[in-house]
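Following the hints, complete the assembly by docking chain U onto the known chain A.
There are 2 protein chains.
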Amino acid sequence: MKLTILGCYAATPRTLTNPTSQVLEIKNRLFLIDCGEGTQVQLRKIKLKFSKINNVFISHLHGDHFFGLIGLISTFALLGRTTDLHIYAPKGVKEIIDLQLRLSNSWTNYQLVFHELESKESEVIFEDDKVIVKTIPLKHRIYTNGFLFQEKVGERRLDFNAVKDYEIETCYFQNIKNGKDITLDDGRIIANDKLSLDPVPALSYAFCSDTKYHEGIIPLIENVSVLYHESTFLQSEETLAQKTMHSTAKEAARIALKANAKQLILGHYSTRYDSIDLFKSEAETIFKEVYLADDGKNFEFNF
Amino acid sequence: MKLTILGCYAATPRTLTNPTSQVLEIKNRLFLIDCGEGTQVQLRKIKLKFSKINNVFISHLHGDHFFGLIGLISTFALLGRTTDLHIYAPKGVKEIIDLQLRLSNSWTNYQLVFHELESKESEVIFEDDKVIVKTIPLKHRIYTNGFLFQEKVGERRLDFNAVKDYEIETCYFQNIKNGKDITLDDGRIIANDKLSLDPVPALSYAFCSDTKYHEGIIPLIENVSVLYHESTFLQSEETLAQKTMHSTAKEAARIALKANAKQLILGHYSTRYDSIDLFKSEAETIFKEVYLADDGKNFEFNF
Numbered sequence: 013m014k015l016t017i018l019g020c021y022a023a024t025p026r027t028l029t030n031p032t033s034q035v036l037e038i039k040n041r042l043f044l045i046d047c048g049e050g051t052q053v054q055l056r057k058i059k060l061k062f063s064k065i066n067n068v069f070i071s072h073l074h075g076d077h078f079f080g081l082i083g084l085i086s087t088f089a090l091l092g093r094t095t096d097l098h099i100y101a102p103k104g105v106k107e108i109i110d111l112q113l114r115l116s117n118s119w120t121n122y123q124l125v126f127h128e129l130e131s132k133e134s135e136v137i138f139e140d141d142k143v144i145v146k147t148i149p150l151k152h153r154i155y156t157n158g159f160l161f162q163e164k165v166g167e168r169r170l171d172f173n174a175v176k177d178y179e180i181e182t183c184y185f186q187n188i189k190n191g192k193d194i195t196l197d198d199g200r201i202i203a204n205d206k207l208s209l210d211p212v213p214a215l216s217y218a219f220c221s222d223t224k225y226h227e228g229i230i231p232l233i234e235n236v237s238v239l240y241h242e243s244t245f246l247q248s249e250e251t252l253a254q255k256t257m258h259s260t261a262k263e264a265a266r267i268a269l270k271a272n273a274k275q276l277i278l279g280h281y282s283t284r285y286d287s288i289d290l291f292k293s294e295a296e297t298i299f300k301e302v303y304l305a306d307d308g309k310n311f312e313f314n315f
Numbered sequence: 013m014k015l016t017i018l019g020c021y022a023a024t025p026r027t028l029t030n031p032t033s034q035v036l037e038i039k040n041r042l043f044l045i046d047c048g049e050g051t052q053v054q055l056r057k058i059k060l061k062f063s064k065i066n067n068v069f070i071s072h073l074h075g076d077h078f079f080g081l082i083g084l085i086s087t088f089a090l091l092g093r094t095t096d097l098h099i100y101a102p103k104g105v106k107e108i109i110d111l112q113l114r115l116s117n118s119w120t121n122y123q124l125v126f127h128e129l130e131s132k133e134s135e136v137i138f139e140d141d142k143v144i145v146k147t148i149p150l151k152h153r154i155y156t157n158g159f160l161f162q163e164k165v166g167e168r169r170l171d172f173n174a175v176k177d178y179e180i181e182t183c184y185f186q187n188i189k190n191g192k193d194i195t196l197d198d199g200r201i202i203a204n205d206k207l208s209l210d211p212v213p214a215l216s217y218a219f220c221s222d223t224k225y226h227e228g229i230i231p232l233i234e235n236v237s238v239l240y241h242e243s244t245f246l247q248s249e250e251t252l253a254q255k256t257m258h259s260t261a262k263e264a265a266r267i268a269l270k271a272n273a274k275q276l277i278l279g280h281y282s283t284r285y286d287s288i289d290l291f292k293s294e295a296e297t298i299f300k301e302v303y304l305a306d307d308g309k310n311f312e313f314n315f
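Residue numbers (this note's numbering), protein chains in the order written: chain A, 13 to 315; chain U, 13 to 315.
The following block holds chain A by itself, in its conformation from the complex (with noise of 0.2 Å):
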């Protein structure tokens, strides 16, 4: 599992740094999460290739989340993809694209298959042989999903030396992954467990932007490997954060702690603050594995 931060910066693109947008890469799937203005620009810097892309995760209508949409649409229409391109985003999301190719007199060779989600509950959004997605729904001022990436659990391991002792030919081998015993030709049967070992452990993402502290996500996202929420303030602009429904990265903290969490990363900062050390400080008071997010910036998860 592989993240690449596009940006994550709050409020507006400025001349170094981004609105928020992250590539999640896993089992060799691309998602590309939010969509901030500039974000096909940031794509061509780290030379992803862009039909690589088939899915597209808008976590809410505000302009740093998802100006960047139509252009990359557009983009990927000029660029000749005939793939489908899935989007999945708060209702309306449609009205307004189709609304700008219209009046553009543009159509796109693709397929675009909107997603528009409206529940407030969460749900399975996505799903295919290894990977499963979730909406989080979050608290902000528009209506606002995280997303929960999960790897489905995989196969059982075969422990080759086992197989080996006990003579077992290939064509069972299958069935052991699979977690079946095995019957010996002499009538022995040999529990699973003596033959494979623990499948590789199932990894989970969570992106949590834009909410403010929200205790209701914790169940939803317990046990995550890696948490990225945001935290636009620090706890000197609390009553900020708290008017603006955004959170403070002790707060971000907090939920990493409650969650537990394997590991957080902090982003969406404002840009008022000096340096973005001062977000890993804080939060690192409350819960240990904290990293920031920066634009340009990947993660490799591997626990």
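I should point out that these hints are in silico values taken from the structure, not numbers from a laboratory. Treat the hints with care, since some could be wrong.
Derived pair list, reagent style BS3-like, types lysine-lysine, alpha-carbon separation capped at 27 Å [what the hints assert, rightly or not]:
{"no.": "1", "chain 1": "U", "residue 1": "106", "chain 2": "U", "residue 2": "64"}
{"no.": "2", "chain 1": "U", "residue 1": "309", "chain 2": "A", "residue 2": "57"}
{"no.": "3", "chain 1": "U", "residue 1": "106", "chain 2": "A", "residue 2": "106"}
{"no.": "4", "chain 1": "A", "residue 1": "57", "chain 2": "U", "residue 2": "59"}
What follows is chain U alone, placed relative to chain A:
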């Protein structure tokens, strides 16, 4: 008169090239012309004070000319703007902007004044005591206007030596500047042209993008000081230019020549070519005074 190119490349924003946008300064007024994605960042790069922009002109609703508008409008709101913002753009722009503001539950503290354009004839869309702006109907795949910015001719200038020789009193100076003859105390009438000099010549700037080669614009831009004319392609892509309703560098030069422009600035380049110098070389075979727009470049017009 000063022109700053924020972006001048066709189709999509890339790592090093920006879509169309430029700032024209005439008589201390700032006009923003087109607003492709990323324009607000380009404005920050040139350190232009956002609040000085009160009038935005959008040629047409293709993405590379207006996808940055909603972001700019939102940023103005975040920065606490209170002055009216006038937007001159094809019909439909209000619906696009209003919809996005409504769905993001955002509003502007300032008044957004839309001047939606739909006439196929040239019309005056802005006028104050110093400057007049007219549309230049262009021929492109969708409804498109260029814009002609004209300084108004100022008053005549006093010939200080002459008024001294004739011992004319200060109270008559304004009459002389207004072109009136003066009657001396002894009854002699002194013709105005003996007391004053011609006004400073009025400059003009014509922005023509996007358009196919279209001689119909020539009467509208005749004798213009500076013509910015799109040249998306070189001669080798003439067929493509016709198909997409764009111009070649030679066609831009031909318009400049026929309109008797003083200078021609080329822009809206396709990124398929190795060097934009090729556009200059081709245009110069037809018209002498050719300049190349490039992102971040300034032009000062002095004749």
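Verification of the hints:
no. : hint             : result
1   : 106(U) to 64(U)  : 22 Å, holds
2   : 309(U) to 57(A)  : 23 Å, holds
3   : 106(U) to 106(A) : 18 Å, holds
4   : 57(A) to 59(U)   : 24 Å, holds
The structure is consistent with each of the numbered hints, conforming to all of them.
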